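*Asks:* So the sequence lines, in the order shown, correspond to chains A and B. Mapping the first sequence onto our numbering, position 89 (from 1) lands on 119, and the numbers just tick up by one. Mapping the second sequence onto our numbering, position 335 (from 1) lands on 509, and the numbers just tick up by one.
These are computed hints drawn from the structure, not numbers from a lab. Since the structure is predicted, the reported quantities are computational estimates derived from the model, not experimental observations. Even for Gly, the Cβ is constructed at its ideal location relative to N, Cα and C. Misleading hints may appear alongside valid ones.
To be verified - Short derived list, chain B residues pointing at chain A, Cβ under 7 Å:
hint	residue
1	Leu196
2	Tyr198
3	Phe209
4	Met478
Said to hold, decoys possible - Away from chain A, derived, C-beta distances all over 12 Å, residues of chain B:
hint	residue
5	His194
6	Glu210
7	Leu233
8	Asp429
9	Leu490
10	Glu499
11	Phe549
12	Ala594
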Amino acid sequence: MSEPVVIFRDQHVPNLFWAINACARNNDERAKELIYRKLYGYINAVISRYVKDIHDTEELVNETFIKAFKAIHTFSYTDIEESKVEKFFYGWIGRIAANLSIDHLRSKKRLRMKDDNVSEDELKKVYVSPVNNLEVQDILKLLGQLPDVQRIIFNLYEVEGFSHQEIAQQLKIPESTSRTYLTRAKQKLRLLYSQLMDIDKKNS
Amino acid sequence: MKPDKNKDITEHIAEMLKGHSLPYEEGAWERFKDFESAKKRKLVLWSYFTGAAAALVLLVMSLFLIIGKDENNNQQIAKQEVAKDIIDTSNGDATNRNEPIDSEKVVSSPAPSSILIAGLNKRKSPVVSNVLSESNSLSVEQGDLSRTDISSTSIYNSDTSGYKEVQPNTSTQSIASNSKTPTPRDISTTQSYTSMEPLSRNDIDDSNTKKWDFSLELSPNIKDKDVNFGGGFAIAYNLNDKISIGSGISYMHLDAQREPNGIDIPAEFSTLDGSKNKSLNNVSTSLVGLDIPINLKMNMGNSMYVNAGVSVFSVLNESRYNNFEERISVTALASPTFSSADDRKEKSGVEAQSLRSQEVNSSTPYEGKNFTGFFNFSVGYKLPFFPKMNLAIEPYFKIPIGSLSDQDMDLNNGGFKIKASF
Chain A
31 MSEPVVIFRD QHVPNLFWAI NACARNNDER AKELIYRKLY GYINAVISRY
81 VKDIHDTEEL VNETFIKAFK AIHTFSYTDI EESKVEKFFY GWIGRIAANL
131 SIDHLRSKKR LRMKDDNVSE DELKKVYVSP VNNLEVQDIL KLLGQLPDVQ
181 RIIFNLYEVE GFSHQEIAQQ LKIPESTSRT YLTRAKQKLR LLYSQLMDID
231 KKNS
Chain B
175 MKPDKNKDIT EHIAEMLKGH SLPYEEGAWE RFKDFESAKK RKLVLWSYFT
225 GAAAALVLLV MSLFLIIGKD ENNNQQIAKQ EVAKDIIDTS NGDATNRNEP
275 IDSEKVVSSP APSSILIAGL NKRKSPVVSN VLSESNSLSV EQGDLSRTDI
325 SSTSIYNSDT SGYKEVQPNT STQSIASNSK TPTPRDISTT QSYTSMEPLS
375 RNDIDDSNTK KWDFSLELSP NIKDKDVNFG GGFAIAYNLN DKISIGSGIS
425 YMHLDAQREP NGIDIPAEFS TLDGSKNKSL NNVSTSLVGL DIPINLKMNM
475 GNSMYVNAGV SVFSVLNESR YNNFEERISV TALASPTFSS ADDRKEKSGV
525 EAQSLRSQEV NSSTPYEGKN FTGFFNFSVG YKLPFFPKMN LAIEPYFKIP
575 IGSLSDQDMD LNNGGFKIKA SF
């Protein structure tokens, strides 16, 4: 007679909460794979917002996971409800990805504070046209045309939700410079969007 | 359709990006595993490389040392052979015939004797002076001997030579008391001369031949009131009296900290509401690694020297911490002993106290970095301690270079080394 198969409770709960636990406690390979597969797209998207080169992006994605797996035991969620752990984990690993991306750009000496001469005429709001709704790929292309510093500040402020004070500390620039670059980034995006719309109109 | 007047395009872009996620690419996990194992291999190789480089430096220096020793020995043997040749020649020519010494002949003796003399002068002739004093036939002071040569009239006391030299009283008296002019035979048959032993290291002046310095060092590192101890050993090759080049390997523990930036704040913490009143004070890091320097040392006199160079710093381990400060409200009551109930009511109130805590930061940017290092500067003062050992105190300062300087962390550091040189 074959023995009954005993299934332990924590053996098969294939969700992110289980994977974080298993990875932190036992460095479990299956847990790592689950985390990797689940968060790969998100991390790839975060890094793509900062880094244009596709090869650099892939390397940074992998660097992010290596760092995250190494430090996963430090991810603290004792006071957080299980339902919110996933959200916090996304935030935690997203910051590692953003941090690595900025370090990468900094190491390549690409964070130069350069005046790109945005004229006053461009300081007008450009509203979203519902007809020509943008796809994310188009947005990433527009974002890719911004200078590195502007792109980083736009991402940190508008997407990640950092304050100008935090951005200034991170990039070692005055707060006023962070504000200026954000304004320039927005104006450049508006300009680029308008140009894109004009091209679409001509084509149609 | 009119454009949406409520939404600027930049807001739309930000919203789109916030919710954006790319699809999983097939094979990405397998590529990640390859990347991970390659990275581990690289890290292991770097550790091996660092060790191998240190071993190679030691090996090369040891070889130099051995070759240097051989050269010294060869020089000594050559000198001794020359000395024996001269003695043999003297035996054959003059002493066998038992004739009085012709000092002209000796003075104009062929090249080997002059080599010997030069050699003796160079070595300040400690052996010969000892031999002469022990032989009891001559009592010439060392200074005279080294200044002149063994064929001088002061030794042979020959009037025919025409060479006369003012001698110290003691030697004159000694020679006079013997009342016999010593012949080269006397010298050559003297036990000390014939049984001349190889020169020992003590017979050779260290200042001329000591090319290598070994030293053990203890190096307390002072940084922001923290003191960490490190240490290792160093080896130096003296290019000349003034300049030497050195290397070595030392264990180093370095602490540093910096102001926090937005990226440092943990995600779960930043999403908390303001009720906890908790703030990130600073980020500190603790690095442990091996420092392999190449230094140029310049002596500034007998005791002072300055050192400048670069070093490769291999970070073996990094621990990074977030240091938080939490302001908590504590209800404080005034002391009831000397106050009335009303006073107590007035004096009691809410006091703010700060509570400090530390959490591990997941980021370890220095660990595994390949091209890290320091510029090194130091000034040393040597204290004679034992006959064969010098104790030196060497204040130093290190400035980070390479990827150490990429980060915001202030890794400038200094301290003082205590070096025992052999």
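*Asks:* Report holds if the minimum CB distance from Asp429 (chain B) to chain A is greater than 12 Å, and violated otherwise.
*Replies:* 19 Å, holds
*Asks:* A cut-off of 12 Å on Cβ-Cβ distance, and Leu233 (chain B) was said to be off the interface with chain A. Does that hold?
*Replies:* 35 Å, holds
*Asks:* Mind checking the CB of Phe209 (chain B) against every CB in chain A and telling me if the closest is under 7 Å?
*Replies:* 5 Å, holds
*Asks:* Taking the shortest Cβ-to-Cβ distance between Glu499 (chain B) and chain A, state whether it exceeds 12 Å.
*Replies:* 16 Å, holds
*Asks:* Please check whether the beta-carbon of Glu210 (chain B) is more than 12 Å away from every beta-carbon in chain A.
*Replies:* Answer for Glu210 (chain B): violated, closest chain A Cβ roughly 6 Å.
*Asks:* With 12 Å as the threshold, tell me whether Ala594 (chain B) passes as away from chain A on beta-carbon distances.
*Replies:* Nearest chain A Cβ is 40 Å from Ala594 (chain B), so the label holds.
*Asks:* Let's test the interface hint: is any C-beta of chain A closer than 7 Å to that of Leu196 (chain B)?
*Replies:* Interface hint status for Leu196 (chain B): holds (4 Å vs cutoff 7 Å).
*Asks:* Does Met478 (chain B) pass the interface hint, meaning its C-beta sits closer than 7 Å to a C-beta of chain A?
*Replies:* Hint violated; Met478 (chain B) Cβ to chain A Cβ min 40 Å, cut 7 Å.
*Asks:* Should the label of His194 (chain B) as a non-interface residue stand, given a Cβ cut-off of 12 Å to chain A?
*Replies:* Incorrect as stated: the minimum Cβ-Cβ distance to chain A is 5 Å, not above 12 Å.
*Asks:* Taking the least C-beta to C-beta distance, is Tyr198 (chain B) closer than 7 Å to chain A?
*Replies:* 5 Å, holds
*Asks:* Grab the minimum beta-carbon distance between Leu490 (chain B) and chain A and tell me whether it stays above 12 Å.
*Replies:* 15 Å, holds
*Asks:* Taking 12 Å as the cut and beta carbons as the points, is Phe549 (chain B) off the interface with chain A?
*Replies:* Correct as stated: the minimum Cβ-Cβ distance to chain A is 20 Å, above 12 Å.
Consistency note: the structure conflicts with the earlier hints numbered 4, 5 and 6.
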